[in-house]
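2 protein chains.
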Amino acid sequence: MRIGIVGLGLIGGSLGLDLRGLGHTVLGMSRKQETCRIAEKIGAVDQARPEPDILATCDLVFLCTPIGLLIPVAEAIQLHLNPAAILTDVGSVKASLVAPLSHIWPRFIGGHPMAGTAESGILAAQNNLFVNRPYVLTPTPETDPEIMPVVTEVVKSLQSILYVTSPAEHDQAVAWISHLPVMVSAALLGSPTNHESQPEILELAQALASSGFRDTSRVGGGNPELGRMMAEYNSIALLTSLKHYQQELTGLIELLETQNWSGLEAYLAQQAQARPAFVGEA
Amino acid sequence: MRIGIVGLGLIGGSLGLDLRGLGHTVLGMSRKQETCRIAEKIGAVDQARPEPDILATCDLVFLCTPIGLLIPVAEAIQLHLNPAAILTDVGSVKASLVAPLSHIWPRFIGGHPMAGTAESGILAAQNNLFVNRPYVLTPTPETDPEIMPVVTEVVKSLQSILYVTSPAEHDQAVAWISHLPVMVSAALLGSPTNHESQPEILELAQALASSGFRDTSRVGGGNPELGRMMAEYNSIALLTSLKHYQQELTGLIELLETQNWSGLEAYLAQQAQARPAFVGEA
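Chain order of the listed sequences is U and V. Numbering of the first sequence is given in our numbering, commencing with residue 1 and proceeding in unit increments. Numbering of the second sequence is given in our numbering, commencing with residue 1001 and proceeding in unit increments.
Since the hints were made in silico from the structure, they are not lab data. Since the structure is predicted, the reported quantities are computational estimates derived from the model, not experimental observations. Do not rely on the hints blindly, as some may be mistaken.
As the list claims (entries may be wrong) - Mimicking EDC-like on lysine to aspartate or glutamate, the simulated pairs with C-alpha atoms at most 20 angstroms apart in a straight line are:
hint	chain 1	residue 1	chain 2	residue 2
1	U	K243	U	E265
2	V	K1243	U	D53
3	U	K41	U	D59
4	V	K1243	U	E257
5	V	K1041	V	D1059
6	U	K243	V	D1053
7	V	K1041	V	E1051
8	V	K1032	V	D1059
9	U	K243	U	E169
10	U	K243	U	E254
11	U	K243	V	E1051
12	U	K32	U	D59
13	V	K1156	V	E1146
14	U	K243	V	E1254
15	U	K41	U	E51
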């Protein structure tokens, strides 16, 4: 197949490495000439250019830009695509993207490969990034039935674990396990920082903080722009999660205020039991 | 010095190993004869017995039992101590313990070595557990001035980093960085578990959960009995922290509801800036 990749960062570059390894011809597009040059040099693409006409012969095109650029980039390339081409993306939210992207290009299907590293950019691209990692596809009732088999085969060839669900269900699931943790964790950092009125207690807290605080605060101290984007593009599901979370917290506060220690222990025991199903130890 | 250790688990056993290595005579007490035998065998004590009379000749006694046993154990041993003996504990909360323990034994000073491993019990005891770890001492205005220099020297000989503060300040600091994270993290597990009404979304969330959810949920999925104890013995400081945390969360929900994305990004940027001071990267 001739496969296009728009946006040559960690995800786009890693896709290119694997897809070329599988025998496909990979054509890349990046705004920066220098990125195109590096992508060619490391073998992530056969050829890359900043101009969208490079995509003209592609059967399948992956949009791999940051979430905020997906719609404008789709607008910019659509006149250059083969009418039979299938378009897909790798954005971490789906409902708010699938609708406009399907409108721009009806042969579109939303996708979300859940893989990554702490690094970003084309130089972080690596082979086998998607092996044994989830890859969610989100067809809708309007998705052309020809599309799923093509994209499914490519996803499976990456050795990803395929999940198929609706955009809305995807978004609620990732709100629970990816976007809610960022907010919960950020608020943990904000609490002593914004509310501790005694500087000596804040300093002592900072000095005494150890692995528990380090782990619980990690995702809340991450890239603010990414956090904002996930909230902006998944605000409905995230708000639902946040309000349920607030109810849990109110319940915990009530257990403490009523000194219901056996109730608190039972609550904590329920969570200790619930965790293995989420962290692959069930 | 002749040093007594009551409660021969990870902390008591590790203290014994180090203190014997420093040339002190260490006398241990544990309810279980078998634990006494193991402690002797691994060299954590010179001698150990279940009976409190073994403490009669000690100059300094460490109470290393679980928090819930500290007061009854102090009651049980006090008749057997040398009137000049100094008593200290290793409990992770202070105000609710320092007052009753000082009442039982006026020559008491609260302590909290912040070290540990995932293991527990005498077989987990190890040398140098306290090296470069915080060790908080919490004297009060009533603490006999003779006591601090003696305990300070022992703490420093363990190569711990000594902090001296009041019981209440200690408790508020550990509420922020140790006890609040447990509650925040448990509520993260409880939210999808108790509120997701669609089982297929819950299952998808469990399947897609990755390192972010793993880290943020770790301390909330820990030992429920320990979580209950820290809440029970530090309920006032923990409630203060939880209520401030709830305000942070309400603020985040408002940012999302008003679609104040630049405000959200600024909030997340503030937390990314705050975190290094807590995790030793400042």
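Numbered hints the structure breaks, given as an ascending list: 1, 2, 3, 5, 6, 8, 11 and 12
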